[in-house]
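J.: Spelled out from the first residue to the last, the chains are:
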Amino acid sequence: MITTTTEPRANYLTSDFGIKSWLLTTDHKRIGLLYLVTITLFFILGGLFATLIRLELLTPQGDLTSSETYNKFFTLHGVIMIFLFLIPSIPATMGNFLIPMMIGAKDLAFPRLNLLSWYLLVAGGAFTLYAMFAGGVDTGWTFYTPYSSTYSNTYVMATAVGIFIAGFSSILTGLNFIVTIHRMRAPGLTWFRLPLFVWAHYATSLIQVLGTPVLAVTIVLLAIERGFHIGIFDPALGGDPVLFQHMFWFYSHPAVYIMILPSMGVVSELVSVFARKRVFGYEFVAFSSVAIAVYGFLVWGHHMFVSSQSVYAGLVFSFLSFFVAIPSAIKVFNWTATLYKGSISYRTPMLYAFGFIGLFTIGGLTGLFLATLGVDVHVHDTYFVVAHFHYIMVGGALMAYLGGLHYWWPKMFGRMYPEGWAKLSALVVFLGFNLTFFPQFLLGYLGMPRRYHAYPEEFQVLHVLSTAGASVLAVGYVIPLIYFIWSLRYGAVAPANPWHATGLEWKTPSPPPTENFEFTPVVTHEAYDYEALAQEEEQEGVRVG
Amino acid sequence: MSPSSFRLFPEQASTLAGSVDHLYFFLVGVAAFFSLLIFALIFFFAIRHRRRSEAERPQPVHGGLVLEVVWTVIPLGLVMVMFGWGAVVYLDGARPPGDAMQVYVVGKQWMWKLQHMEGQREINELHIPVGRAVRLTMTSEDVIHSFYVPAFRMKYDVLPGRYTTAWFKPTKTGKYHLFCAEYCGTRHSGMIGWVYVMEPAEYEAWLGGGGTGGSLASNGEKLFQELACTNCHRTGERGRCPDLMNLFGSTVKLADGGTVKADEAYLRESILYPNAKVVAGYQPIMPTFQGLVTEEGLLQLIEYVKSLKEKSATETMPARRN
Amino acid sequence: MASVHSPALRHHFDTVEQQKDASTLGMWIFLVTEIMFFGGAFAAYTVYRSLYPDAFAAASNELDIVLGAVNTAVLIVSSFTMVMAVYSAQTGRRKALAGYLLATMFFGLVFLVIKGFEWHHKWVEHHVPGPHFHFEGPYADKAQMFFSLYFAMTGLHALHMVIGLGILAVLVWMTLRGAFSREYYTPVDVSGLYWHFVDIIWIFLFPLLYLIGRHNHG
Chain F
29 MITTTTEPRA NYLTSDFGIK SWLLTTDHKR IGLLYLVTIT LFFILGGLFA
79 TLIRLELLTP QGDLTSSETY NKFFTLHGVI MIFLFLIPSI PATMGNFLIP
129 MMIGAKDLAF PRLNLLSWYL LVAGGAFTLY AMFAGGVDTG WTFYTPYSST
179 YSNTYVMATA VGIFIAGFSS ILTGLNFIVT IHRMRAPGLT WFRLPLFVWA
229 HYATSLIQVL GTPVLAVTIV LLAIERGFHI GIFDPALGGD PVLFQHMFWF
279 YSHPAVYIMI LPSMGVVSEL VSVFARKRVF GYEFVAFSSV AIAVYGFLVW
329 GHHMFVSSQS VYAGLVFSFL SFFVAIPSAI KVFNWTATLY KGSISYRTPM
379 LYAFGFIGLF TIGGLTGLFL ATLGVDVHVH DTYFVVAHFH YIMVGGALMA
429 YLGGLHYWWP KMFGRMYPEG WAKLSALVVF LGFNLTFFPQ FLLGYLGMPR
479 RYHAYPEEFQ VLHVLSTAGA SVLAVGYVIP LIYFIWSLRY GAVAPANPWH
529 ATGLEWKTPS PPPTENFEFT PVVTHEAYDY EALAQEEEQE GVRVG
Chain P
13 MSPSSFRLFP EQASTLAGSV DHLYFFLVGV AAFFSLLIFA LIFFFAIRHR
63 RRSEAERPQP VHGGLVLEVV WTVIPLGLVM VMFGWGAVVY LDGARPPGDA
113 MQVYVVGKQW MWKLQHMEGQ REINELHIPV GRAVRLTMTS EDVIHSFYVP
163 AFRMKYDVLP GRYTTAWFKP TKTGKYHLFC AEYCGTRHSG MIGWVYVMEP
213 AEYEAWLGGG GTGGSLASNG EKLFQELACT NCHRTGERGR CPDLMNLFGS
263 TVKLADGGTV KADEAYLRES ILYPNAKVVA GYQPIMPTFQ GLVTEEGLLQ
313 LIEYVKSLKE KSATETMPAR RN
Chain V
714 MASVHSPALR HHFDTVEQQK DASTLGMWIF LVTEIMFFGG AFAAYTVYRS
764 LYPDAFAAAS NELDIVLGAV NTAVLIVSSF TMVMAVYSAQ TGRRKALAGY
814 LLATMFFGLV FLVIKGFEWH HKWVEHHVPG PHFHFEGPYA DKAQMFFSLY
864 FAMTGLHALH MVIGLGILAV LVWMTLRGAF SREYYTPVDV SGLYWHFVDI
914 IWIFLFPLLY LIGRHNHG
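Going line by line, the protein sequences match chains F, P and V.
For what it's worth, my numbering labels the leading residue of the first sequence as 29, then goes sequentially.
For what it's worth, my numbering labels the leading residue of the second sequence as 13, then goes sequentially.
For what it's worth, my numbering labels the leading residue of the third sequence as 714, then goes sequentially.
Calculated directly from the structure, the hints in this document are not laboratory data.
Hints are not guaranteed to be accurate.
[What the hints assert, rightly or not] List of simulated lysine-lysine pairs, DSS-like, C-alpha gap at most 30 Å:
hint	chain 1	residue 1	chain 2	residue 2
1	V	Lys-733	F	Lys-134
2	V	Lys-733	F	Lys-535
3	P	Lys-265	P	Lys-181
4	V	Lys-835	P	Lys-289
[As the list claims (entries may be wrong)] Quick partial rundown of chain F residues pointing at chain P, CB under 10 Å, derived from the structure:
hint	residue
5	Gly-255
6	Phe-256
7	Ser-335
8	Phe-350
9	Val-407
If you're wondering where the values come from, they're calculated on a predicted model, not measured in any experiment.
Yeah, the Cβ is synthetic: ideal placement off N, Cα and C, and Gly gets one too.
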């Protein structure tokens with residue numbers, strides 16, 4: 029029986045009304061929601077392009093659109109999904125919303141900078157949308173020179189400016205998180221009492237702060253070359269196109285860790301609460317996040333094994349690339365071990381966590397194929413790579429994003445989502461995802477190159493399977509969109525701690541008041557101390573079960 | 013089996029393909045093992061330890077350093093094997109054998125132009141004999157492309173402004189896809205073709221049948237004269253310009269004290285950017301030929317310079333005896 | 714003595730010390746991002762210089778070493794006036810603070826004016842990369858690479874100076890409005906960090922761009 033009672037207490041949603049109170053807010057929770065809406069819109073747009081790509085690839089001929097248009101589809105799909113969805117996704121929505129609460133603070137260190145970060149993402153997105161509507165961009169999201177600097181006659185500059193601006197959104201968010209985590213933890217909250225979600229975001233912020241500026245200056249140099257027709261990367265003008273690749277990947281490889289680390293933080297939380305156990309090997313999971321962040325800066329050349337870099341460079345980058353896989357493996361083992369002798373619930377967030385661990389494992393293992401020099405020569409720039417990174421980004425990051433969204437939805441909105449529909453969508457997503465992307469591993473090893481508008485007939489069967497999977501996957505994403513919005517009005521009212529989770533964010537009401545905590549909490553135990561929680565709940569007379 | 017029928021695994025048509033596939037199967041085995049292991053453990057734990065009551069209080073299981081070390085070291089060992097094996101296969105594929113036949117490739121939006129030493133030109137097709145190593149020297153006229161033959165498990169980027177090389181040795185006659193594997197603009201997916209591997213006799217016949225006016229080297233010699241290189245570079249003489257006889261493959265001493273190997277890249281650079289590396293004992297007076305010679309012309313000139321070899325003493329001996 | 718009810722204390726901080734600590738740490742992290750930003754340009758410079766040392770030396774010799782040296786001195790003096798500004802803020806001397814901030818702005822402006830002259834010279838001599846570029850001697854095309862990097866790097870640096878001038882102007886305005894005191898002058902402090910950083914970038918740019926191979930040519 030669902031009783032919907034309105035919340036008597038003022039919370040961050042009801043504290044102020046009107047569009048100005050949202051567009052000029054400095055409340056980290058409201059800013060998190062602004063981001064949530066923005067990136068959802070970008071995800072839908074990026075997904076639209078994915079749909080068009082998969083539709084075109086149903087047949088071997090390029091018959092749905094012209095080549096120019098198709099090239100713009102995959103470029104925009106990549107640019108939007110990476111820079112306007114994945115990079116902000118978890119940090120800007122859940123990170124913003126939760127980190128201050130998780131550490132017992134009233135807000136981030138720099139609330140106005142936080143709002144500026146959101147505006148920068150919107151402005152960056154606006155430039156990209158302008159480029160899209162004006163005629164599109166067709167360089168691929170990697171915009172290699174000299175095609176992007178001299179040959180392409182599409183809206184490269186506008187897109188580059190858009191990414192440049194969005195990059196600053198990322199940098200400032202990272203800066204904000206680092207200072208917040210260093211300086212604003214509640215009394216008693218030592219580093220090793222922090223939730224792993226915070227550790228993950230700390231590591232992510234290190235990458236954002238150190239890596240993104242290199243992309244920024246690369247874009248500046250590219251813009252100078254394209255705008256003023258002077259040679260920096262174009263050999264016809266005296267430049268070196270491979271230097272572009274080095275500078276581009278120096279950011280873009282660590283960028284993939286920006287996209288995955290926060291989701292690993294989410295999974296740590298989900299696995300713990302839905303097994304009701306401390307995360308196994310907490311310190312190892314925490315350190316592995318930082319190790320991935322640091323280490324991720326050393327391996328960029330594995331994108332360039334056949335680019336004319338020397339054989340020795342290839343050997344070094346291959347060697348180092350294997351090491352970056354180890355901390356991720358450590359996490360997977362620790363999460364799995366957390367399940368051992370736990371009390372495992374099958375609520376939707378946990379289903380997404382299971383999906384993450386399985387699919388991330390496959391995605392990560394296929395990364396080893398790419399780090400292996402002898403095999404990479406064959407599968408580089410084929411659908412094998414496309415499958416690998418979609419397993420990580422969609423099977424991994426996006427599943428964790430959905431899992432986290434379901435988990436913290438009650439906290440953010442004071443409402444529960446409908447569990448039945450949620451479980452169904454999780455299953456649909458899992459099945460649709462595998463049908464979409466597993467055939468692409470086979471396509472890649474067969475030799476199907478990336479970014480191909482038309483392809484030889486013998487590849488069609490696998491492409492049809494992939495497109496079929498994509499249509500199922502799309503359904504899996506549409507259903508939550510509907511029931512989440514539905515739940516805002518009709519969902520069951522959520523208590524402060526519906527999951528009986530540890531963590532300071534669950535000590536606030538659902539939804540929380542603007543200032544988060546009436547009194548600054550004092551922390552006396554480690555992050556996933558369910559005994560302490562049980563004692564507190566007994567004292568408060570909270571019924572368990 | 014015709015090339016257009018459905019398959020799940022590519023043909024092996026080169027000496028390298030087998031070793032790449034062996035390594036691949038090892039990786040598939042390891043990946044399958046660990047994926048299934050994790051899936052199975054999750055499945056098993058999730059069922060065995062499913063929550064039976066909301067009041068359950070699982071006992072904390074404390075980790076051990078031992079376990080962490082074990083599941084760090086074992087994967088580390090496995091990936092080091094992957095690295096080593098992958099490096100061996102890679103190095104094999106990176107070093108062409110000395111007796112490889114040379115083919116030149118010029119990529120441009122959106123076609124492949126191939127040139128045989130004997131002068132044969134092909135567009136989007138490459139005819140080669142089975143059982144003989146082929147060395148490709150490649151360049152692009154515009155943007156970055158990539159020459160990819162899946163059946164050979166071979167791929168390498170093709171760059172403007174420089175030469176890249178790759179090699180393979182075909183083991184099976186047949187017709188194999190050639191793809192451009194680096195996005196290069198509108199008709200990237202149209203920049204495809206075929207590699208025809210033929211029996212040696214057929215190949216010789218094919219070579220003989222399509223005379224296009226001289227070998228690369230002889231065309232190069234013509235171009236050398238047309239561009240007036242002979243005004244300065246007199247073979248066998250040392251004048252204002254370095255002697256080109258026996259130049260290819262030798263080590264050149266430069267004016268700034270360094271040395272450089274006279275390979276294709278050096279020759280190309282010397283023609284287009286003559287003052288980048290001035291030879292010791294000479295003045296930087298050579299004019300640049302940028303804009304005066306195409307990429308194909310450069311390849312012809314390079315082949316010509318390569319052909320400037322004095323007959324060695326043992327070769328002339330028999331002539332003297334006669 | 715910091716009072717919990719200091720008007721400058723923002724609501725999400727517990728104490729003024731915490732707020733100052735956070736602001737300072739934030740500015741240091743921002744400067745790290747700037748190091749990475751300029752670092753990319755320095756990396757590109759390093760690559761090309763090691764590939765074409767002679768061309769780079771020839772092109773570098775065409776820069777005006779006197780103006781470059783003067784500009785270096787001007788920036789060092791401006792950093793000194795900035796330090797004095799921070800000291801004035803620490804000791805609560807409002808007029809001195811405003812004066813030193815204005816002096817810093819003055820020297821920053823001098824720097825930019827001299828830079829403007831230099832760039833104009835380069836334009837007149839056809840050393841600006843692009844369709845009008847012309848360089849005597851055998852190193853023409855690689856010299857263009859040098860000048861591309863020269864304008865990119867000094868341009869980015871000048872942009873940071875302009876932003877710095879804007880920040881200083883805001884600080885002057887805040888000083889005149891009485892926003893700063895012995896207890897609270899954090900914006901002056903962190904802006905000082907930024908200004909010194911921009912100065913240090915120039916300290917690296919000057920020898921790398923102006924002094925290549927000068928010992929050979931005198």
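J.: If a hint holds in the structure, say so; if it doesn't, say that too.
T.: For each hint, the structure was consulted:
no.	hint	verdict
1	V:Lys-733 with F:Lys-134	17 Å, holds
2	V:Lys-733 with F:Lys-535	29 Å, holds
3	P:Lys-265 with P:Lys-181	35 Å, violated
4	V:Lys-835 with P:Lys-289	27 Å, holds
5	Gly-255	19 Å, violated
6	Phe-256	20 Å, violated
7	Ser-335	5 Å, holds
8	Phe-350	4 Å, holds
9	Val-407	9 Å, holds
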